[in-house]
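Colleague: Respectively, the protein sequence lines represent chains L and A. Residue numbering for the first sequence follows our numbering, starting at -17 and increasing by one per position. Residue numbering for the second sequence follows our numbering, starting at 3 and increasing by one per position.
These aren't lab readings, by the way, just hints derived from the structure by calculation.
Pair ranges (Cβ atoms, derived):
no.: 1; chain 1: L; residue 1: Lys221; chain 2: A; residue 2: Asn126; range: 37 to 43 Å
no.: 2; chain 1: L; residue 1: Asn233; chain 2: A; residue 2: Pro109; range: 41 to 47 Å
no.: 3; chain 1: A; residue 1: Tyr130; chain 2: L; residue 2: Ala251; range: 36 to 42 Å
For lysine-lysine, the following DSS-like pairs were computed, each having C-alpha atoms within a straight-line distance of at most 25 Å:
no.: 4; chain 1: L; residue 1: Lys217; chain 2: L; residue 2: Lys165
no.: 5; chain 1: A; residue 1: Lys186; chain 2: L; residue 2: Lys21
no.: 6; chain 1: L; residue 1: Lys139; chain 2: L; residue 2: Lys203
no.: 7; chain 1: L; residue 1: Lys136; chain 2: L; residue 2: Lys37
no.: 8; chain 1: L; residue 1: Lys100; chain 2: A; residue 2: Lys186
no.: 9; chain 1: A; residue 1: Lys158; chain 2: A; residue 2: Lys65
no.: 10; chain 1: A; residue 1: Lys186; chain 2: L; residue 2: Lys23
no.: 11; chain 1: L; residue 1: Lys30; chain 2: L; residue 2: Lys136
no.: 12; chain 1: L; residue 1: Lys221; chain 2: L; residue 2: Lys46
no.: 13; chain 1: L; residue 1: Lys36; chain 2: L; residue 2: Lys46
no.: 14; chain 1: L; residue 1: Lys151; chain 2: A; residue 2: Lys140
no.: 15; chain 1: L; residue 1: Lys203; chain 2: L; residue 2: Lys217
As the structure is a computational prediction, the values presented were derived from the model and not from experiment. By construction, the Cβ of each residue, glycine as well, lies at the ideal position given by its N, Cα and C atoms.
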Amino acid sequence: MIRRDFIKTNGLICLSAIFGVFPGCSLPYEYSPYDNEVKHKFRDLTAKNLEKLKKTKNGNEAFKFAFITDTHTFYDEFEDAVTALNKRDDIDFVIHGGDLTLSALHKEFTWFNEIIAKLNVPFLTVIGNHDFLSNGERIYHTSFGENNYTFTYKGCKFVMFDNVVWERKNTDPDFDWFNENLKNDGSANLVIPVSHIPPYSDQYDGEDSILNQILENNNVKLSIHGHTHSFYHGKKYDKTDFLVGGDIADNHYQVITIDKDNYSIENIAF
Amino acid sequence: MKKHILPILVYSCCFSLSALGSNLNGGQTDSIKRKWYLPRDAKIQYAGNIGFLSAGITYHLAKDWYRLSFMYGSTSMHSHVHTLNTVAIKNTFLIKQFHIGDFVVAPMAGLSINFGSTHNTYRNLPSYFPNDYYFQNKIHFAPFVGAMVYHPLPYKIIKGIDFYTEIGTIDNYLLEGIRTEYVKLYDIWNLALGISIHF
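Could you put together the complete structure from these sequences and hints?
Modeller: This is how it looks when you write it as structure tokens:
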């Protein structure tokens, strides 16, 4: 009798509580800010974008691509940059120079991906030191793919290199891979490495650093970086030209024109 | 849908337990003075920034209005990361307690202090970093609001059960919600579900 009364009295509340879970299903669950699960549409983005790039039709040998970097949590400026880039029809793809996030938290990667997904052209990324924090490297791996990869577009080989040091427990990046992939077997007009940290940052020893030595030994003409949050273009040392993008809050992006083995750079305000 | 099955099952089981309990002698009261260090309830929680699943104990203080929970949560089973653990000190304030029949319904709000442990989480940076290179990323403050429904049970050991749901966020997300136009304040909240067994 007591049991019957209990069910009768409280049945409605029990049912509403149970069914209350169903509306809850549409609310987002967040297990941890360090969770490395990524929505399906934001997985394997490097491979998906390289596939898109293959389909890019542009008869000219010369081409342009845009460079942005260090977007961190400057989401408003980042959106403005994407809007500005979408207004152009002369860019074949965009490269992001790393530090996609500030603290490499789960939602930071989601917000980054939501914004960059609005680009009309394919985009490629390198990982930055901030993206290594917490579980960031694993989220990056799930969302984008390998940290180190190469692709060739219209005779120009891009070597996308993860050169983070301290956040890798102060161990060396895979310099052997970098050195090997910078070699030009003659099939490329130009080889351009892209990595987050330039050799003149605190993590490296400047001109004598192994990073710079590899660039010079391979006669790299142009090396592209982010990290410093201030724009630089020029020869820091003897041989290699460095293009270092400012952060996106600088309200600038760079357009690089490649014409066979020549390049030129414009720093564009938006 | 798979991930939603667990909370549904947990809720269903607990209501079954609650219904079963009503079949036993009602109205038992425990007159033994409780030792100060014994917790008043044990809880298990699904989601809510402190793990895929978390469990903990709670002390009821300030005439039951303030509840202090110590929780441990793991996300490793969900995220295929070897180490993703969180310890949380959860401060919950019952804003008001409504007695509806045998039930107590209480809206609540609180602040959880979460200590995350995974790869590259630092409270103090290793010596190879320059000073203050990063802000610590191990501790997060996580505000939440929610509600709980409590029902007493006539068992000798388990004296009641409550079900709670919370909507919470963490400090970093709240900051972006305030600081940027892109991140809307409604973007940053997420849901947690839990049950507590009262002793």
